[in-house]
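Student: With chain A fixed as given, assemble chain B onto it according to the hints.
Here the protein sequences line up with chains A and B, keeping their order. Heads up: take any position in the first sequence, counting from 1, add 3, and you land on this note's numbering. Heads up: take any position in the second sequence, counting from 1, add 66, and you land on this note's numbering.
Hints were generated in silico from the structure; no laboratory data involved. Any given hint could be a false lead.
[Stated by the list, open to error] Some chain A residues well away from chain B (every beta-carbon gap over 12 Å; in silico): (1) Phe17; (2) Gln41; (3) Ser76; (4) Gln113; (5) Pro116.
[Stated by the list, open to error] For each label pair, taking beta carbons as the anchor points, the in silico distance ranges come out as: (6) A:Glu18 <-> B:Ile143: 40 to 46 Å; (7) A:Gln113 <-> B:Ser162: 34 to 40 Å; (8) A:His43 <-> B:Met93: 22 to 28 Å; (9) B:Met81 <-> A:Trp86: 27 to 33 Å; (10) B:Ile143 <-> A:Pro116: 41 to 47 Å.
All C-beta atoms, glycine included, are put in the ideal place defined by N, C-alpha and C.
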Amino acid sequence: TQTVSQSDAHVTVFEGDSVELRCNYSYGGSIYLSWYIQHHGHGLQFLLKYYSGNPVVQGVNGFEAEFSKSDSSFHLRKASVHWSDSAVYFCAVSSNSGTYQRFGTGTKLQVVP
Amino acid sequence: DMKVTQMPRYLIKRMGENVLLECGQDMSHETMYWYRQDPGLGLQLIYISYDVDSNSEGDIPKGYRVSRKKREHFSLILDSAKTNQTSVYFCASSLSGPETLYFGSGTRLTVL
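Chain A extracted, bound-state conformation:
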């Protein structure tokens, strides 16, 4: 069974700072890894995903994530955050054999203006 963990429940940074949101997974086979964003009162929206190839994937709004097989990680980064990036971010993992995505518990990012 694949699992995904997000060790930081809350992260607070100032506008213009860089940020890294951490995601670690546990699975032995080929997997899809994704990040989603949830603004308050809304559903989740897709940010980016990795399946194979270049381990650094680019997403919308300046977000990128890097896959590391050795660390079993898929951390999300942004070089310079804006107050509108304040939201909850979810990491998700699924196998490529057609099973569903499992989500982490989420990291609430607060950007202070």
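Tutor: Structure of chain B alone, referenced to chain A:
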């Protein structure tokens, strides 16, 4: 228009009442999902549907059932709601299993 629509947005029910949550999508996606979201637990999968009348249990199916009679429509039913089913319920769809999920805006259900 690539949209997942959930109705209603807010719902208050008494313990023991039946609850029907509805979800529609306009993308002709094969796969649809029902998740619930609780603080500190993230999203937990209740049921997954691979197509019409092809439904499978997720991680927490107890107390729930689903119905999918048309590809674009997926319902979640709570027969005799319980207070511990108070939660925010999200419907999602995808082209196939591990592909990008498209989520609805959620239904906040309160069971008193």
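Student: Could you say whether the range 40 to 46 Å given as a hint is met by the Cβ separation of A:Glu18 and B:Ile143?
Tutor: holds (45 Å)
Student: Over 12 Å to the closest beta carbon of chain B is the bar; see if A:Gln113 clears it.
Tutor: holds (16 Å)
Student: Hint says 22 to 28 Å; check whether the CB-CB distance for A:His43 and B:Met93 agrees.
Tutor: At roughly 25 Å between Cβ atoms, B:Met93 and A:His43 fall inside 22 to 28 Å, so the hint holds.
Student: For B:Met81 and A:Trp86, compare the CB-CB distance with the range 27 to 33 Å and indicate the outcome.
Tutor: Distance hint for B:Met81, A:Trp86 is violated at roughly 41 Å.
Student: In terms of Cβ atoms, is chain B entirely out of 12 Å range of A:Ser76?
Tutor: Given that every Cβ of chain B is farther than 12 Å from that of A:Ser76, nearest at about 18 Å, it holds.
Student: Cβ-Cβ distance between A:Gln113 and B:Ser162: within 34 to 40 Å?
Tutor: At roughly 35 Å between Cβ atoms, B:Ser162 and A:Gln113 fall inside 34 to 40 Å, so the hint holds.
Student: With d taken as the least Cβ-Cβ distance between A:Gln41 and chain B, does d exceed 12 Å?
Tutor: violated (8 Å)
Student: Minimum Cβ separation between A:Phe17 and chain B greater than 12 Å?
Tutor: holds (26 Å)
Student: Look at the Cβ atoms of B:Ile143 and A:Pro116 and judge whether their distance stays inside 41 to 47 Å.
Tutor: Given range 41 to 47 Å: holds, Cβ gap about 44 Å.
Student: Would A:Pro116 pass as off the interface with chain B, using Cβ distances and a cut of 12 Å?
Tutor: The assertion about A:Pro116 holds, with a minimum of 26 Å to chain B.
Taken one by one, the earlier hints fail for this structure at numbers 2 and 9, listed in ascending order.
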